[in-house]
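Place chain U on chain B using the hints.
Line order of the protein sequences matches chains B and U. Reminder that position 266 of the first sequence reads as 266 in my numbering, one-by-one numbering, no gaps. Reminder that position 189 of the second sequence reads as 189 in my numbering, one-by-one numbering, no gaps.
If you're looking for bench data, these hints aren't it; they were derived computationally from the structure. Worth double-checking, as some hints may not be accurate.
Interface residues of chain B toward chain U, partial, derived using beta-carbon atoms under 8 Å [said to hold, decoys possible]:
no., residue
1, F131
2, V140
3, N142
4, L144
5, L255
6, W301
7, Q302
8, G307
From the three backbone atoms N, C-alpha and C, an ideal C-beta is built for every residue, glycine too.
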Amino acid sequence: MTDISKEALSPPRSFLSQDAIQVFYRLLAALLICAVLAVLSDSFLSLGNILNVLRQASLTFFIASGLTLVVLTAGLDLSVGANVALSACIAGTVIHKTGSPALGILTGLACGGIVGLLNGIMVTALRIPSFIATYGMLWVLNGLTYWYMAGETLHGFPAGFRQIGSGYLFGLPIPVYLLLVFLGIGTLFAQRTIWGQEIYAIGANPVAARLSGIPVARRLLLVYAVSGTMAGLASIIFLSRLNSAEADIGESLTLPAIAAVLIGGTSLFGGVGTVFGTFIGALILTLVLNGMNLLSVSANWQPLVTGIIVILAVWLDMKTRRRAQ
Amino acid sequence: MREAAVVSQPNPLQRIPGVAIVLVLLIALFSAIAPGFLSVANLSNVLVQSTILTMLALPMTLIIMTEGLDLSMGAVLTLTSLCVAIVSLATKSMLLGLGAGLLVGAAFGFANGWLVAIVGIPPFVATLGTLGMAQGLSLIVSDGQSVVGIPHSVRDIYSATLLGVPVPIVMALVTYAAFHGLLYHTRFGTYIFALGGNREALRYAGLSPNRLLIAVYAIGGAMAGIAGLLMTARMNSGHPTAGLGLEFDAIAAVAVGGTSFERGNGWLLGTLLGVIAVGVLRNGLNLISMPSSVQVASVGVLVIVALFLDGLRSRA
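Isolated chain B, as found in the complex (with noise of 0.2 Å):
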């Protein structure tokens, strides 16, 4: 209790706190993965295969972004991978109506927060547990991309729009450099703004927030709509780089974009995190999958180790938080 109220009225975070000696260790195993795989495969330090690394990790972690801010409320969002694959359908068609690809991003990007503002609704003003609504909201989402797409590809579109996903700009990716411009975005929003504050304050105490007057369901809808808006972007860089959209594409993304929130040191019990941290785990897990490709292991095993991973790092922030009381 004392800590709490310490938390929700403290000033902005400075930047050695416990959240930078966490962030810390997590680059050190990031590092360690680094070494291991440099010594078990030649390929691991190839440029290509580094690019490779940078620019799927940036993908996973647009999905886990905005997502490390519902976990910092204590919520869940279950229907990420669900929304990426319903935004990138409509934003694809979009784009092939009108030939518009401005219009397909802006359509995807509102797709995509629209399903984050529904979820918000359900969570606040239906007062439905988080993860539940948007379990629900996932095979909504699921029936509606299929009986949208109905078994059809969406494929081919103009070659400037597959700049965004597939292009390169100075030798790097341009993905990674969205990356770094929303991880600035995000630090800073989460550290620096009131806002920020206010969303650690609601996960750590929701009583003591409102008690303090933080408008405690506005901030979870602008939470929720963050995370379903970074969704849509994520699926527009799915939509760019694969050059075609299906059903499909959000079925295996929901578990990764949550073991890299958790991996990065975000309580599942809200209120401590960074989006620097989801950064690093995105990197973590994206280094593990890509090591276990270079060593020749079969795709199948992924969502098993993705599994063990979630529970691994749940695991461990409990322990880290019982020693730390």
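Then chain U, alone, in the frame of chain B:
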């Protein structure tokens, strides 16, 4: 939320309206718009197809009563269904197949219970992790392919009849009777009510809530093993996505059936009616040639509405 008594006796009168109204409305709707819905053949088809879901929804009721959740049930069912297929194919024995499915299912259930009770991971994340693990193991043991050529002894379970009643229905009825007896007529059942309503009381009574919790999740896993046998028999093969999303239908049936997600109150008959409601919804939409995608979306809407109403009631 916590003021529920140690033993909350089910109060059917209070709840029958909700789920019964949903069921009657759905049946009336589809009688009107879906040709052939009211035929005996179709209705018995609905019941037979609901049997697998019954076997998941009944243990899911107990799990949700403990303020828990098991998102891994569908994936575990997929894995046990593959185990049944592979073992019965190798040994030509249905019973050994069932044993393998039961063992694997119970092991996953035990792991879920251990993660929730002993490690203390919130149920929805613990079982999301084991969902990924079961999904991965299913892909690994099947190499992403269907397992075909399973013995007749397995396949016949789904099509055989006992005194004119299809065997799957007999199995579902026996399961229901067992769960009813367990929940309402044993001490263990009373403890399950207490797990959701008043866990402290269990501690004061000198009982270990953790062990009870593990038992509840293990029962869920074992039931997914038995349901896996039915699934393999029904599809006449093992398939690495056979149980995809089934846990959601089970959660829908429990939610529609009036079991509360926050108060440790459960009602098995409501769950049974909820299973039939989900079955009628899917079957009716199928008859008016709606694709399965629309069925999935409708079940999602059904859950959200049911939970919204549940929330209203809990505030009333």
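Enumerated hints in conflict with the structure, sorted upward | Of the numbered hints given earlier, the structure breaks none, since each of them holds.
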